[in-house]
Amino acid sequence: MPTSIALTHQGIASRLDDSSDQSLVRRAREGDYDAFEQLFERHRMLVYRFAYQMVPRRDDAEDLVQEAFVRAYQNLHRYRDEAKFTTWLLRIVANLCTDQARMSTRRHTLEQQEAREGLLWMTEGDTENPIENLEADRRVQVLRKALAALPEHHRMMIVLRDLEEREYPEIAQMLGCTVGGAKLRVLRARRALRDRVAPFLNEEKS
Amino acid sequence: MNGKLDKRLLELAFGDMNADEAESVRKAAANDAEAEATLRQYEAMKMDLLKLREVPAPQLSAERLRDRILTDGLRPKASVPWFSRYWLPVAASAFVVGFFVIQMKKPSVSVPSLVAANIEKPAPGLDFVPKADPGLKVAAAADASGATKPAAPKLASKTARRPRVKHDWVAKNDMPSPTLAGAMMKSPGTAGPSTSALNASSAAADTAMSASAPATEAEPLVLIQPDKDVDTGAQRATEVNANNVVIGG
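Chains as they are written, first to last, in the numbering used here: chain A, 438 to 643; chain B, 830 to 1078.
Hints are computed from structural coordinates only; laboratory data are not their basis.
All C-beta atoms, glycine included, are put in the ideal place defined by N, C-alpha and C.
SDA-like mimics (lysine to any residue), calculated; alpha carbons at most 20 Å apart, straight line:
#1 B:875 to A:629
#2 B:875 to A:637
#3 B:880 to A:482
#4 B:836 to A:634
Stretches of chain B that chain A covers, calculated by requiring three or more beta carbons in the stretch to come under 8 Å of a beta carbon on chain A:
#5 878–884
#6 888–896
Please put together the full structure from these sequences, using the hints given.
Next up, the structure:
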């Protein structure tokens, strides 16, 4: 009986090992495309959320996600196992976002803004008080606009740390800096965001 | 409120502190109304940021990705390890260093000050005194600024050239040297060859060819040996009787 339990544990462990990112990457490197599709299915939402916060247009974000996975597949041989696969993937998409930010100015189409605002009017709020809900929505809108208006490097820090809640060592690995450096960058980004939001919040107070 | 407290409040509101640190900062903020208001503001900002996590549903599909990868090539691109952008600055530096090394090792062009010299004194052991052609002037070579090509010797006039008649005459009579030709043309009773007719260049030619020169009975020939005298450094010369010389060896 103990032997069978041990074998079962071994089987689970090997199955877990087979489905880990590292093993999927290894299989994809060897030409198993299904393994790469599993990686895509597993991490596409993570990459999409990050891309959407960086380029707040859904179609642009989707293009970025696809491009990031294509590049990841083409450069699988360069991926080293020391870093997490998601860290490497986010680094790719961060570079793509930076390139896009450099090449094109921010494109906020009026229709999309209007559609988003119209959608917010129809969404249900957190509280039963409709006035409070409206106020909360307005604050979120202010914050979203302030975040979109931040410089790209500050926005990336806010998205990584405060939206995606990535740990500082992982951010440092992604950016190629020390943990202290990552903390400092996040602090500067938060202050920059606060400076942009503060006038609207003070107006709300008064 | 100072900047340090502001930083601590930011860290507290955004969850970058452990429990002990958070408690101490909360106590500090409780005594300061402005700090307390700022902390509430930061906490509200953090809560609002979390609401931004909601994103519209994407339309990502594995089929679309597969199509794109098939378009670009399914196999991963082969790496080219020898080419890297890091090699470019290295190659550029090597090129610059190599260029300077070559420039430093390039020999400087030596500018001769004289390309010809008048021979005023005969070498010891010679019984004739060759004189340089007065028409031949020594031309200074290139200027002092260092031209790359040494200048050719300039002649004062066309008449300064060695008379071509002599050469023509020598060529017509198949004679090896103008000097020998002159010696042959002289009558047996006359003295040695006129030294004034010899110039520096013809003397050199005579030196090389005198061993095979035809001679008359009354006139001795001077053979200039190829080796030099140890004491004086001048080339040795031997006077021989023309009767003993076999022409054509």
